[in-house]
Each structure stands twice: as C-alpha cells, then as structure tokens.
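Below, each chain spelled out in residue letters.
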Amino acid sequence: MSQERRELLEVQPGRPPVIAPGHTFGTVTDKISSIVLNRKTPLYWFIPFAISLTLVLLFLVAVTYLFVRGVGIWGIKIPIGWGWAITNFVWWIGIGHAGTLISAILLLLHQSWRNSINRFAEAMTLFAVACAGMFPLLHLGRPWLFYWLFPYPNTMRIQPNFRSPLVWDVFAVSTYATVSFLFWFVGMLPDLATLRDRARNRFARAAYGILAMGWRGAASHWQKYETASLLLAGLATPLVISVHTVVSFDFAVAIVPGWHSTIFPPYFVAGAIYSGFAMVLVLAIPLRALYGLHDLITMRHLDNCAKVMLATAEIVAYSYIFEAFIAWYSGNTFEMFAIWNRMTGPYWPTYWLLIFCNLVAPQLLWVKKYRTNVIWLFVISLDVLVGMWLERYVIIVVSLHRDFLPSSWGMYAPTIWDVATYVGSIGLFFFLFFLFIRLLPMISIFEVRTLLPEAEVEK
Amino acid sequence: MSESYQYLDLAAIRARLDQSRGREYWRTLEELADSKAFEELLEREFPRQAAVWDNDPAGRRQFLKLMGASMALAGLSACTRQPTEAIMPYVRQPEQVIPGKPLYFATAVPETAVAMGVLVESHLGRPTKVEGNPDHPASLGATDAIAQASVLELYDPDRSQTLSYLGDIRPWSAFLGAVRESLAPQTAKNGAGLRFLTGATTSPTLADQFQTVLKKFPAAKWHRYEPAGRQAVLAGARMAFGQPVHTYYNIAKADVILALDSDFLCSGPASVRYASDFAARRRVRGNQTAMNRLYAIESSPTASGSKADHRLPVRVADVERFAAAIAVRVGVRGVDTSAGNPMLATGDTAKWINAAAKDLAQHRGSSAVIAGDYQSSAVHLLAHAINTALGNIGNTVIHTDPLDPNPVDDFESLRELVADMDAGKVEMLVIVGGNPVYNAPADSGFRAALSKVKLRIHLGLYANETSELCQWHVPEAHFLETWSDARAYDGTVTIMQPLILPLYFGRSVHELLAAFTDTPVPSSYDIVKDYWNRQHPGEAFEDWWRKAVHDGFVPNTALPPRQVVFRGATAATRPPVSGQGLDIIFRPDPHIHDGRYSNNGWLQELPKPLTKLTWDNAALINPATAQHLELQNEDLVELEYRGRKVQAPIWILPGHSNESVTLHLGYGRTSAGRVGNGAGFNAYLLRTSDAPWFGSGLNIRKLGSKYPLATTQHHHLMEGREIVISGKIEEYRSNPHFAKEKAVEPPALTIYPGYKYEGYAWGMAIDQTACVGCNACVTACQAENNIPVVGKDQVIMMREMHWLRIDTYYTGAMDNPETYYQPVPCMHCENAPCELVCPVQATNHSSEGLNDMVYNRCVGTRYCSNNCPYKVRRFNFFLYSDWTTPSLKLQRNPDVSVRSRGVMEKCSYCVQRINEAKIDAEKEDRRVRDGEIQTACQAVCPTQAIVFGDINDKAGRVAKMKAEELNYSLLAELNTRPRTTYLAALRNPNPEMEG
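Residue numbers (the working numbering), protein chains in the order written: chain P, 1 to 459; chain C, 460 to 1454.
Treat the hints with care, since some could be wrong.
Stated by the list, open to error - In silico DMTMM-like pairs for lysine to aspartate or glutamate, Cα to Cα no more than 25 angstroms straight-line: (1) C:1199 <-> P:314; (2) C:1187 <-> C:1354; (3) C:1348 <-> C:1423; (4) C:680 <-> C:868; (5) C:1382 <-> C:1354; (6) C:1201 <-> P:30.
Rather than coming from a laboratory, the hints here were simulated on the basis of the structure.
All values derive from a computational prediction rather than experimental measurement.
Turn these sequences into a full structure, and let the hints steer you where they fit.
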C-alpha cells in the first residue's frame, strides 16, 4: 500500500500528482465542505442552473403534450418505429457507465486516483440513468401502462414476455439504477456526517443528520462501511458490463439488418464507457476551473480519463470496421445493403460525421499535448458525446428506414417535440447535477483524505 | 347597437374633455360622449339586476340570501322527477333478428347508374358491410372498392340532413306546395318552362316515371349530363351501326385481347366481371398452362395496361392511328391509309402492330378489341370494324339495346339546356343528383345561366356546389335507404331494397319525380313495386316480386343480343393532328370518380393504382417529359390549356405516354364536406365540351414551389431482391420449379421439434398473376375491420392504417416498365419475429397458426413493427378512430374492436369470421368446410387472387394452391415460415415479339 501511495503522491518529472502538494486533512475537508456550507452561492452556479431549470420546464411541456396527444407528435412512423427517444435512451444509459466504472471497477483495481472524481461521476451516473429511464416509458404508446413490463402478481395471471429484450432491459436498468444509487449514497455517508457536524444552519444540520443515518465515524462503522462498499462494488462491476450488453440486445436480438449482429454487446459496452468518460471530462473541466479544484482534480485525472477514452475509442473503431467487414463477408444481400446504405444512402452525412467524431478526432489523444490541454480535452469530449449520439441514431433510424421490402422504405425526420424532449432531458440532467454540487460534497472528502501523506502517518 | 344609436358628436366630446379637470380616464369614444346609447349598452352588458354587491348598506345580507337561494335551487333541480318512459322488450322477437348474427339483404350498388349486385350485411338493422352477390352477373361474389366504400357514404355525417329553401329548413310538405304552385302555370303551357337534368340512369322505373311526367308536360325536357359518361362509346356505336347500341364483352371466351386505351379490368361498370373472366383464363395450375394474352396500348397507365403481356405507351391522339393500323393489318376494308399512317411504317411500333394483328387474326371469333370509354368515337368505330372483321361479334363482343333509356350525348344535352336557360325559356329546373355547377365543362356557361332560371331544385346526397345555387335542396336517400331498380352491364335488372330507413329523411329520385304527377306522393316502395306489377300482372306477381327482391336480380332480364350490321365508313376517320404543346388527358379519378365520392375518407385515403397517391390528384407525366421540362415530383406548375389556367402538382409516372399530362377529375371541391374540401385541384376548370377527354396545346409553367403529395409507397424497385418472382409461361413450361429455386427456405436447424398443428392451420395463398391491383381488397378490409382514416398529413408521415396494402413494383425501362402487384397482408409467420420481441405478450401465436394481436394488452413499444420484415403492422400514433361521431359508430363492425391510441394493430386473417364459422361448425359437430370462411379481402377479390383456408385440409383450395410449383414464401431466407404465400406472377408474351 505504501509503495503505491508513494507513487501516487510523489511528484515525478513530467507526471502531475494526484493531489497537489500542501494539503492536510483539514484543508481538504474545509475546501470541499465549504462549497456546500460556507461559500456564498456564486453567480456561475446560478446562471447554468437557471438555464437548466428553463430546459426542465421545456421538458415538462413536451412531456405533457406527449401524454395529451400521443407519440404521434414525434417523427416516428412505419417503418421507423423508434426514433430520437430510443436514441436518447441508449445515449444516456451509456453516459452513466463511466461513473460506475470509476467507482466500482477502479475501486476493485485499487486505482486510488479515482477518489477525487468518483463522487460526481457517480452522481452523473445516477442522473444519466434517471434521464435514460424516462425515455422507454415516454416512448410507449400507452405510457400509463408501463408497469405491465414488470412481473407483478395480478389477477389476469399474465407475466411479461421473458423472451423479449425489452423485459431484460427493465431488469437491467432498474437494477442498475438501484445499485448505483445505493453505492453513491452509502459512499456519501461519512461525508454527510462531516457536513452535519460542520453545518451551522439548523435546518441543514437536521437534513444532513437524517441523511447521515447516525454515522459517528466509529471503527465499527468504518469496518461495516468498507465491507458494504466492497460488496456494492462487486455488485456494480458486472452491471457495468451487463447493462449495456442487455441494451445492445434490444437490437442484436431483432432481425433488422444493421441490428442483427453478435458484435453489439462488447461494442456497446465500449461505446458506453467512451461516452461516459467524455461526459466526466465535460463536467470535470469546468468544475475544477470554476470552483478552483485544480489541486484535487489534477491534470493526472484528466490525463487518465483521456487514456480510457482513447482505449475505448479504439475498441469502438474496431467494431465499426468489423461491422462493415462482416456485412460484406456474410454475403447477405440485406446486411450488405444496410451497411452500404449507411455509408452512401440518404443519411450518409450522419454516418461519416459519426466516423469523424468517434474514430478520427479522438486519435489526437495519442498526443500528450492534447491530453494535457484542458481546452482540447473539453472539445474532444464534446465531440465524442455528439459522435456517440449519432452512432445510436445511425444504428436505430438508418437501419430501420430501409429494411427488407423496398415498398416499405421511408425517411425519418424529428419534429420539434423530439428536439424539445431531448434538449429538455439534458436540462434535467444538469438541473439535477447543479443541485447536487450545491447541496452535497461533489468530491469525496474522506476518500481524498486517504490519499494524503497524513494517512500514511497514521499507519 | 339599438336603433336609438346616435352618431358620435366629436365636437361635444372635445368640449367635455376641455371642461374636465385633472385626468379623466375613458375607455371608448362612446363613453366619452356619455350618450344614452352607451348607457343602454352598458346596461345590457352589465345588468344592474345581476349586481348583488352594490353599495346598498344591506348588501351583505342580500348577498347571503341570494347565495342561500342559489344553493337551495341547485339542490332542487336534482330532485326533478323525470317523466316515465317505458321501454319494451321484444315480447315476440322478430324472426331471424338475433343480436350478433348478421343478416344479408340483396340489393345493387349503382355506380354511374349501372348495377352491381351485392349482398349487404346488416347487424340489427345497421348495414355495415357490402359483399358481392355470387349469383349476379356483374359481381359473381366480388365487388370493387367503390361498392365497399358505399357504407361509409351512407353514414357520412356530412351528408345533407335537411330539406332547405334558401338555406332555411323546410318540411317536405312545404316543398311539395312550392312545386305545385310553380307547376300550375306550367300545366297551362304543357311544361314548356320545365326542365329535368339527371345523370346517367338505367332504372326502368325511373324511365317509366319520366315517360309519365313528359306525357303530362309534353313540352318539358329531360336533359342528361354525366361528366364522366361513356359518350364516345355511344357515338362510336352510332357511327358503326347507325344506332346507339350498347356493347359488352365476353372476356371468358377471348384468347387474345387488344385494349385500345381501355381500363376494362379496373374501371367501368363491368370491370369486376371482366377482371374475373380475365383472371380465370390466366390461372396456371399444374399442367393447365393455357393463358389468354392481352395487348394494351395506353396513353395513361392503368391497371389493365399493367397486366398486359405487351404494353405500348402511345400518345393519346395516336391511338386512333394505331387502331387504323391494326384494322389495316387484320384486313378491314376501306380504312384510309392514304394519309400515310406512320404506324404502318417500319420500326418497333410497326413490328408490334404486325405481330399483334397477326395474333388477333389467328384467333378469329375468340379475340376481342376493346376501345377505351374515354377514347374518340372514331377509335370505337375502328374497334367495331376490327371486331366485325375478326368475327368476334356474338362471340366475345355482344351488342344490345342501350342500358340508358335516354341515350343522348351528355355534352350536347347540356349545351341545349344552357342555351334554353340563357334564352330565358327555363322557368323551373330540377337537378337530380348531379353537381353540374362543379363539373360542367368550363366553356358550358352553366353556372352563369343557372341564375336565369326562376325556380331551381336540387336533389342530392350532399349539399354541394350546385345546391348552393339552387333555392330548394332536397336531401337524397342513399341507395341503401330506399327502393329503386337498376340494370347491370348486360341489362340484368336488380330491384334494390333499402337496408335502413333514411337516416336524414332523404327522398329518392322516384319520390321527387312522383311529386310532379301524383297526389299524394307515393312512397318509393309503391312506385317501384307498382311499375313491376304492371310488367308482371297477375296473381303470381307477389311471388315473383319476393323472389326478385330476395335474389337481388331478376332472371332473364339481360338485354337480348342484337344483330347489328356494321355499316360505318371507316375511311371517314381522320386522326387529329397534334398541335403545339403537350397533350392533355382527362380521366375520372380511379376512386372518387367524377368527384361524387369526394367526401368518402376510405376512397380518399385509398392509394391510387400505380401512383399510390392519396388525398390528391396530380398532373401525371412520364419520366422523359419530366426530364426535359426539368420537373420533379411535387413541383407546383401552372397548366395552361385553351386560355384557362389551373395550378397542379407534378407526379412522375413511369409508363405514361410521352409529352402528355393526365389529369384526374373529381378534385378541388369546395363544398364536398369536411373530407373532400380542399383536396387536390379542379381539372374541370380546363375541360371543354368539344374535347372532354383529351386535346393538345397544353403548356406547363413551373412555379418554383412545392406542393406536398401523400403517397404510400416511395420506392418501386425491387433492388435485386426476390420479392415478386415472375416469369414467362414458357419458363414455367420448361422449368416449373423456377420460383422455388429463387426463394429458398433455409433448413429448420433447431433441436426443438416444431409445433404440431393438429386441428386447423389457417393459411393464405395469393396469386400474383391474377391480382390486377384494383384495391377492392384494401377497402373491404377497411370496412370489415373498422380501420380508421388518418388524413393526408398522417399519410405523409407514413402512418396510414391499411392492414392490407398492394405493393407495386416496376421492372425494366422507365418509359414502359413491367408492373407487378403484390398484396401484402400479415404473413402470420410460424416463426414470427414480432412475437419474440413484444415485452408484454400482446402478440401471440394461436394453436391454429394465427399471429394474434391482443389490443388490450398492447402498451405500444412498436418493437414488433421494427422487427417485422414485411412491415405489415400499423400503429395508432394518435387516436385515429372516431370515437365521437354518432353516425360513424353505426357503421362499425360489431365483431371487431375499435382500437384506441397507442396500440399496434394488423391483419388478423379476419379472425372474427374464422371464429364465427368455427362456432357454427362446432354446433353441427363437424369441421369447418373448405371455402366456408372467406376473409374480407378474399371475398371481394374479383379475380380470386386471394385464397384462404385450412392448410391441414389437403383437399382444400388453399392447400392445393400452396402445393403448386409456383408457390413461394416472401423473404423465405429469413426462416419466418409465413402462412401467407405467393404464386409467382406469370405473363404470356407473344414469342414473335420477344427479343
């Protein structure tokens, strides 16, 4: 352990430290808790919060109109039965993956550098899953009957169809949401107690007190906490892989050319982590700048995230290439046509834009100069988010719009309500996220403390 | 404002303002004027009596008192005793009226007045569905799309519902009084100022009534104007035989058919019978490989041309020259060739003509040349000449007396009427059923002349453009609401009986006419029965009548064939010279005809053959013309023809003749109703009476804007996929397995044994050789299964709801492609991809192999539709079904759920019909017999292209059809194992013309 920690903390030439030197337990705790408790809420919080709140209202309008009129307000049609809603669902679910990967897999792998980014990454997961989870319900023709997808005991003695990937989705996503929430919440208990102890406002003290669930920092608490978080990490780890695998089954199990492919599960998981890390960077870069957290979220973190992105970008690139190759190699008319239609059909710009965003542009990350330049990183991350959204759009819409019988081919275009719902969901995500950074410690106080030299002394 | 309103005295206001001190707020100038009128207005707007909270010191008490009283009164109203209205159960139930068991009544659908015998399904007194009458010669059990849609017309909430005078509601007695009052002066002058204007009619009763009227008013006149009538047929017959004979064809006997710009398979009153006979001669089964052969030359593509073994697009004016060339080649004497018929010169066309003529000549007596209804009379004359020369008269071509008791030229008749109106000779005009203000030729001046008539009466199903200009409008009884009679294409009479009392107190044409002769006016029933009683006097009449009404036709009333001698002077034909500009071709719309069915949503949304357009007409041109005029689909253009202009969108139609534009009539209505108003453009605005069907000199000017058109099929190429498998009859003779070789089912690689269908196993086979793309099945399905209409914007969004669609594919050159039709219902796959993916088990497989859809369980994920390779599933994106209009509720089939928003639906193989037959069979302890269940699409199909049944019954028709070598599964390689299979399409080209 000590060897590892030394490696983390020692300032090596050309390699930024995980935590900037000079911090003690007290300074770390002060710095993080003051964002919530002491500092005046800054203007740079209010402005984006107001914008996202406006978008939430837009979302509510779009959803209300949707419930009143029906899914016909969207651009979907026969043959394109799924459009932006499902694209958004897959995109949001994918974004969520980075948080779980950071908190669970990296925990198990003893990657302690993760300690300063795991809290908000987990929050991001939670909010992304919340946004994602809404779309499958909204896209139902009769959304008030969504509970029919759950196997609940009923007088009709009807159960959902366990052969349908959509039912698997229900389990995958709801399990994922539950475990992610528990992991996030359990991981926050010691910090909530810190806030309780430091809060001067009675209301805040009561609120944090309730949320802290009686945490006193006793050794027995810590012992139980460690066990619980390891167990939850163990539970969450397979979920990182399984959730997007199941989501990919929505497509891979169907016989639509362009969907029916065995490469989908790993390809989707890689894509999910890819977009998730992009979102982590999109959130982390402005946060550390605005709240002056350069010393806690260092270039080392950004560099590591960029490396993960680069790795997943290569997996995704491999998948794109192999998708095309297998389609050609299969000799199947429909498969070949589906890929050819992506590349040269009426939606060719979306395909080539996606190739540029996901495959070409991120290759810059090979170069250290770009990996360590926050502006470049931010731009590349946004580019990846766009690319990953396009990827799902291409898979869903472009595959459906021309399948087997040419007589049924058609073209898809989103309506203003598709756009409103999507933009509204982004608003909802940031709305929740800004509430989170205002009300809860966005960086794990006690976990960052373990990275400090003082922690070494204790031992 | 009341009468005491005084104009504002602005000077006084100014003075008042000047006097006032401080700020004075004023709302209106009237208030400023402080006039009496304004105080009155205030009083009316805000009455003092209602002001309970004025400045009265006792106001609070007053207020509470009022509140209390209101509360008490509100409670009282709930205690009102309702008057007792006893309802009566059936003490003695009428025989056969059993809820849930429909009854069928025979009647006839009069389309352009010619009868098609039908049986109408009635649920507790509500007619819901039209089926063909198997014993009727024009139907043989099938109908066309228009007949299917007639039930919707009956229940159309936009039908005119009240008799009106200048827009005010009047009782029938007031109308009768007005008629009699106006007739009094007419009686004195023998009815010299009285005119009747009807459309075509074949009703013997009506003809008799007109005789009576004209006897009473000898100077009165009966005019006829049918905008899409068969004037040229009549004129051609007059030229050929010196008398107006009616011609029909015995297609069953014809081995070789030449269609001269004729859509005999899909339009016209005999088309259902022709299509049936035509397909019967093309049914290739096992060793039965004989097929008839159809040659078609066409100016505007039709279903008939698309089924032809050889089709040639020819400019509309050249059809006559073409017919003359054929006449020369088959040896008609006296055809003028001096002008140098270019069709006879060398070249591809000449080769085509020579081969076709040779083929015709080889089939003397068993060939038929059919001239199009909308061709020139000269073409008809030539066709008669050719048929005579080929000895077809009496064999395949039959002449009889005209069906119409008043065989006059429509345009001539209208011209006379307008001249009389202009001259002030017409004092009373009775317009029966038509809409001449909308559809009279543009040069007729009918609209202007109409206002010169003193008394104008209009009888019609709808209050339309014409009734707006008439003082009296009488709502007409729908043919399903009244008694009448009509003749079929061969003259067979049907006595039409009502299925329901008139919904809106409509009157039949018979009652209207009787108002001119009889007091009191007898009922339609009495009028029709009385007429037939006079034809069949004696005691046996009652039995005769009952049988005739029951059977739906009167046996042996077909008009006897007449021996006519051809004495036409074919030399007199002078093909018109093409002028400058493009050719213009007018055609009645394939579905809404001359505009009379404009307000029928089923027909508006029915994709038109070939173009697949809905809700609009368009200027149809061929790809080559579009290319050199630089036009694309949906380009809005201005059409200028003989100084008149109209704007229309362009639609490019492969196979259309060169340098020509087809315009369909019947659109651009302004008073059709909520459905028909505003759809399409009005082609009548360009149509003149001297050239009602075609002419030249059309100019097109591109306007630079787009007009969105709603089509249901955007892509007509098969992309090299084996979708419609087709071949020539020689191919089949040499290799009967050719279809199976192309559609290979993968071996069933599974460790699980397949499900054994022990009882029934329902399946369908569709013969693509037989399908003529007439769309009757689509409408029948819509009527049977309560399928909603979605509207043009939703069709543009590709959300049409038809459970059955006719896919149309082209192969070959764009300018003259081969066309194939593929009716696509649900395939009811044994390995159904939709069932696997539904998360809530809303779509399941039945033990009889049906792919069932459980609407109640569906939550609307649309995953099933995504995964359906045939894309036959339809989704209720909005609440498409009309749940509120009362009259439309009556139309619905009570055996089929009306679907709600957010629910997937699709073809069920008419599961309600299956279950009905199974219940009947179970009661009799037997299996369902072959042919006992007919799906709606199967029952209506004129060519019997669709066969449904139990594939476990090896002797049954469907099992036999599936055993044919031509049988294949669509997308067989997907291993969906569809229960609906197809028979490859065969053609019988002339070997001489190949290569």
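Discussion item. Under the constraints set out in the numbered hints, which ones does this structure not fulfil?
Written reply: 1, 2, 3 and 6
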